[in-house]
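**Student:** Spelled out, the chains give:
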Amino acid sequence: MKGKETLAGYDMVLALSENTINYQFQELHKRNIIHKKWGILSGKTKVGDKNKDFHITDSNADFKKKLKRWIDLQKQITEARKNNKWSEIGRLVALVESENINFDFGWDANLVAPTISIIQKDPKNLILQISFKSGKLYHRAEETSAVESFNLKGLVYAFTVPIGQLKVTKDQMIMDAGDQVENVIRDSGLTAQDFTIESLFLNFQDANISTFDKNKSTFPQEASLAFQVAIENYFNIILHDDEHPYVLGYSIQRKKIKATEKAMFQPTSLGYSTSHSNHNKKPGQFSSLNFLMMLNDTKPPTNTTAGILPASLIELGKDLTSTTDGVFGLQKNHFNIYVKSLDAYVQTTFENLKGVKLSHGFENNVMVLTKNDKHIDDKIDTTYTVTREYVQNDGNQGIAVRYRIDIKVEVHVIMKLFGEHEVKYLSLSTSGEYTKDNVKDKGASGYLDFTITTKKTGRFDLDHNFTKPKVAYDSDPNFFSGDVFAIILKVISLVITWVFAIVDAVVNQIAVDLGGAGSVSSTKLIEQLNDIDVLNQTNKIILPLGKVYTFKNLRIEDKKDIVAYDITYAPTIEKQN
Amino acid sequence: MKVDPQFQITKDDNVTVAFYSELMSNYFPESAIDAGESICSLMVAPEQPFIFCLDKEGRLQGILRSEGSASGWVKMMFSEGKVASFELEYNVDEDYFQLAKVEDNKVWISDEIPLDSTQFATLDKSISWSSIEASNASEIINKVSIGVEHVLFATETKNKDANYYVAELDDLDPKPYTLPENGMKITQFELGNFQYNAGVFLLYDIGKERSFIFQSFPDAKYDKTTKIRFESDEFINCFTLVESDDANDIVYAAGTQIHQYITAIESNDFEVNTLPGKLGNIKKIAAARNEDEHSVWSLNENGLHYQTNHFFDQKTQTFIDDKWTQPIVMVKDADQFSCVKGNGIRNQLFAISTKHGSELTRLWQDKVTTLWNTHTLTVQAIDGLKEVESYSAHIRFNSKAMKTFQGLNVRLSADSNLFVYVNSKSYHIGPDHEVDIPLNVLAEFTVICPVKDIATSKIYINADFLKETQAINLKGKVLERLEEKLTKANGLGEITDQNGKRLVAEGTDPKVLESAEEGIKQMLSLAKTMENDSNAPLQRTSFSIGNTNGEIQRRGIPKNYSLLNEGLTLGDFLHSVWDGAKQAVEFIVEKVKTGIQFVIKIGEQVFNWIVTTIREVGSFIQKIFDAIKVFFKDLFDLLAFLFDWDAIVETKKAFKDFTNEAILCLKDEIGNIKDFVDKTLDEQIGKFSPELVDIPDTLSKVDPSEPSEKSEADPRSNWLNSKKDYLHDSSQKPLKERIPTEFSSVFEKFMKDLKEILVKSGEGFKLQMDIIFDGFKKMIKGEMQFIDFLKLLLQKLAGLSLFLVKQLMDLIFISLEALINVALVGLNKAWEIPLITELYKSITKSDELTFLDVMCLFVAIPTTVLYKIGFGKAPFGEGTTKEEFVKRGSTIFQLNLN
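Each protein sequence line maps, in turn, to chains A and B. For the first sequence, the tail end lands on 597 under our numbering, and the numbers increase by one without skipping. For the second sequence, the tail end lands on 989 under our numbering, and the numbers increase by one without skipping.
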């Protein structure tokens, strides 16, 4: 499967589990960040000659008193009507108006935390459920009727919420979401803030409240119409209240999060979808709300399947304990940008070596460099071949990238006697098998091993190890023994000393640049390494949401062609400057 | 021993109190406590801390404050082998605590240890443990933390992420948890609450980075957790939690600064504050809260720092909450610490410093004076010898009434909080902390108050038999002595100590000396005023010390001044700021309504307090001396009473020779004595009565165990008396092993034979015998003369059947003869007594201490001391005096019955 298919046309997807969202709603509710109460009295008031809509909320100190008075007066009105006391009715109606309690209905209810459920085969909508813990809905059918009350205890109002799409491009910000979000986005661009649960809540406000879900709602048959009207009315009133960012009747404030540094994989547009999953028969854990992201101002896909993931990414989760909240996926080709910069770094390391010339940079994962030295009259030509062998998962430790280093040294022994004569040619290499004198070991390739792991706030950590290459004779040097060559042999042994000096100088320089045995023992070298421009990004944010989410278990999902992380929803708190 | 109240002294018996306090050296058989890593402490009872720390071998030890015990501290062990980590948790609501430790790659959890019903002195025996393990044997358990409901432990596995486990204390079934990031090692964790969720605060490493998070326990409905990351712009080394009133924890995280995180209540606006002060790398932090008063202790390579939001506003002389002081150094070179809060002892701190031999030290702040006190924690050690500079007060009660003090108590308290020794036992006394001291027949005791400067307090004595509270100023004549030395010498620079050494180093700037002298004189006169008449007018004075231009500054309190170290109490100031001040110090002292106002100016900083106790003034005098590099040790040599050990040893030698002579005499005389007794008994057979054996009438009326002579109260002459308890300290070896075997075998035979007589004489006789034994012991110890004992014996035996008396006397004489025969050998054998043996060896450098030496020392010390005080020279300075004295020994036991 291509990464593009796995992520339904998007560059990156953050999949947050249904359980996490519901748990976080519950937490916001517990901490009174979302309102636990619906308290409103709504009706008409006289402004001049005209009747205007008006309402009071439970923040009014006389809320309860007014509710009681309203019920009382309406009761007196019905009594009067029953007894045909029309003047009394007129007096009472006037009283209702003069006391400014001409209400049509009122809410005085306590809510439990709202919940969402992700709908099977409907990735563009979800169901939001508002459940009542206790309280009553009061309703007056007409001006002269008594106030009826409905007990709300245990009732659930469920309705479908279309998931908003939010696109942010460099030049233009198009908002499909509400006005409140608009200002925030316009001021700060797309930041980690947009990935908090609170902002998710703000995005639900497009909900069509009137299209309630009959199966999931439980409200009294006889009152269904009044109930629905009241709910609609409630939302209409509240949603038009511009002073507070009320969403679906819940007051909520966006969490303050410091603007994130610009990340290497900085999203430039954001959309939403859902993925229902019954994996392990735990839909709450595996069903996800997906944050769909594009990189580099690329336009989001527009085809019909865009954003419809073939399976919930959470099914790929490695850590499935209560700690984790979802999975983050990045198309592998984007991750390769990072690997390419690692190539560039390795290339620079070799290029910077004294006397080393680049034949060609990485082509099909292979880079070749040469070095030509002269020792008195003898010529020593060295070729370095660096091959990126693999980029693969490294057990528990992240992603491993290995470069193999092969060396070939060609020695031309020259005698200057009536012109130049090559009296001997011999070669040593990392695949050489023959040993003699100074050359004690068989040849062996060297390796540069990198391990990419995730650090805090979406940074990469680069651990590394360097295995020194060894060179040995490609053909049997003992072949040259005998009196005739005694002098030449002496020369050769001198030359070989030089070969080693040259190879060692290069190898040692690499070791110095990178540190021999990993980062733990060579902090200083890592610091140097971080000074090198190409790899400077190891110290930078790679992923954009580091202040809201943590990333762990970086891995390549080969079959899905993505790079994946387990994520947790873990907002940071820090000084707000 | 129960005493019939009618024989006890009462208020109507005109009890007089004699006392004398002196600055002098004291010795205790104690040794410092070896301590390795980590330490925690808990108040198990009011003002009774229990400290847990690892010893140098990594075993878990507990050190309990034990009021009225020898050193004041007892030590016990809580592990057999190495403990990787441990913690204690105190349940505030139910008033118990639990310990958790990691030993043998298992986590051990103690049962609940209730504070109200536990015998803490034997907790090591009564404690019981349950253990739990990680799910995989390859996981190395490296940390444990315990809460009220849960126990928590962390594991490390090679090449894998670290895990942690949480088990409920009810079922001890550990459940594993993962970290939100790829953390390899958990460096610190604590159970706690944040955002109204219970969970775990975790500090762990990811590569070279550090993460600090809170993760709640999973929600039952959704199986999800709350995670919060605490961020600051620096690497966090450690953290600590303090519970707030809404049950959420206030988090203090420390890197080079201290950051405080407070949960938002009904919003997402968390409070994040950074406390003043940059400290370098803080490696441990602790915080405590008392209502709204927070204190934070932080440890870095320079030592232990303290800061508080209980800000002392010097302008209004009141505390302001919610404003933090700058951190001040409290203990230099500390490596580990733990602190507890108390009432009288406002702050109490236990610190371990590996730089000075890993001793456990205690630092505590007195609530009254706010002064800080420091001392090394010790446990009783028979072989230990610890010299302590102290104020020692000898207190004696006298009454002419023929009644006893036996069984009565006196109550001790003090005007500020002190830790003192009374009769070699350690007690805490203070304004709200009174202790009962039992009296015996000898109605006297010695209060030893260890000090680190010349400042000291008043102690108060109350008793049912006293008409009013007696106040004893521990400082005695020390300040007067200082004043006298100052007056006599030609300036401060000319004063020499008792060994002839100059007090002030030569080359000290004479102008500085002059100003210091002026300052000391002012302070001394202030002390006098405070002590004598608090209503007397006090001149407003000012003076300065240090590197000024030498002129004594006389000016008013500056109007505008910067307050870098604002918010400190006087105690905090003296403890930390002063010592670090390199600049000139200027003082203004003035009497105000509520006490004495001190204004101190260091450089551009001005400090301002009102003091009410002499102790504070004393502390000040000490600080002035410190400023001219005269430290407490020097002042001690100048002002303290120093024992002339050479003279004492000389006196002791004389007594020893005398006694040896006396024994020879007794040996010769014993036949005569026996004859005398036999004759008396035979002659008086049938009409025996005490009077007939020429025993004076008074003898039968006076309690014979009461000393016949009374001397003045004086801690110097009574110096060793206050240590006699060590001789019959029952917690040590049984008596038999503490006296030479020669004597004990005589004793044993005597007791065996005596038993047979007792069987014949009946139980009533036993009571009489107890008194006789008591007398006998006293005679052995030199507290009673032989003839007195003999008389006592005869008196007590009156009324017995003469046959039995004769048998008994025979037995006694046989024993006595046996005793004398072994005496010359036995008395001169080495004897190991706690403290005294060690002390004796240290005085004489090598001499062995014999039984006789001990006895003689008891006499030699007061004799020499009093003689020297009286005559200005040692009693046996000249050879002839000594010879004559020794000769007298040869006639001492001769009966002069004519």
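If you're looking for bench data, these hints aren't it; they were derived computationally from the structure. No residue lacks a Cβ here, since even glycine has one placed at the ideal position from N, Cα and C. Misleading hints may appear alongside valid ones.
To be verified - Taking beta-carbon pairs under 8 Å as the criterion, some of the chain B residues facing chain A (in silico): (1) Gly298; (2) Glu300; (3) Tyr352.
To be verified - Derived Cβ-Cβ restraints for the label pairs, each shown as a range: (4) Val183(B) to Ser169(A): 41 to 49 Å; (5) Ala355(B) to Asn103(A): 51 to 59 Å; (6) Asn372(A) to Ser226(B): 45 to 53 Å; (7) Lys141(A) to Ala355(B): 37 to 45 Å; (8) Thr455(A) to Gly172(B): 48 to 56 Å; (9) Gly172(B) to Asn384(A): 53 to 61 Å.
**Student:** For each hint, tell me whether it holds in the structure or not.
**Tutor:** Going through the hints against the structure:
no. : hint                               : result
1   : Gly298                             : 4 Å, holds
2   : Glu300                             : 5 Å, holds
3   : Tyr352                             : 6 Å, holds
4   : Val183(B) to Ser169(A): 41 to 49 Å : 46 Å, holds
5   : Ala355(B) to Asn103(A): 51 to 59 Å : 57 Å, holds
6   : Asn372(A) to Ser226(B): 45 to 53 Å : 50 Å, holds
7   : Lys141(A) to Ala355(B): 37 to 45 Å : 40 Å, holds
8   : Thr455(A) to Gly172(B): 48 to 56 Å : 52 Å, holds
9   : Gly172(B) to Asn384(A): 53 to 61 Å : 60 Å, holds
In the structure shown, no violation is registered for any of the earlier numbered hints.
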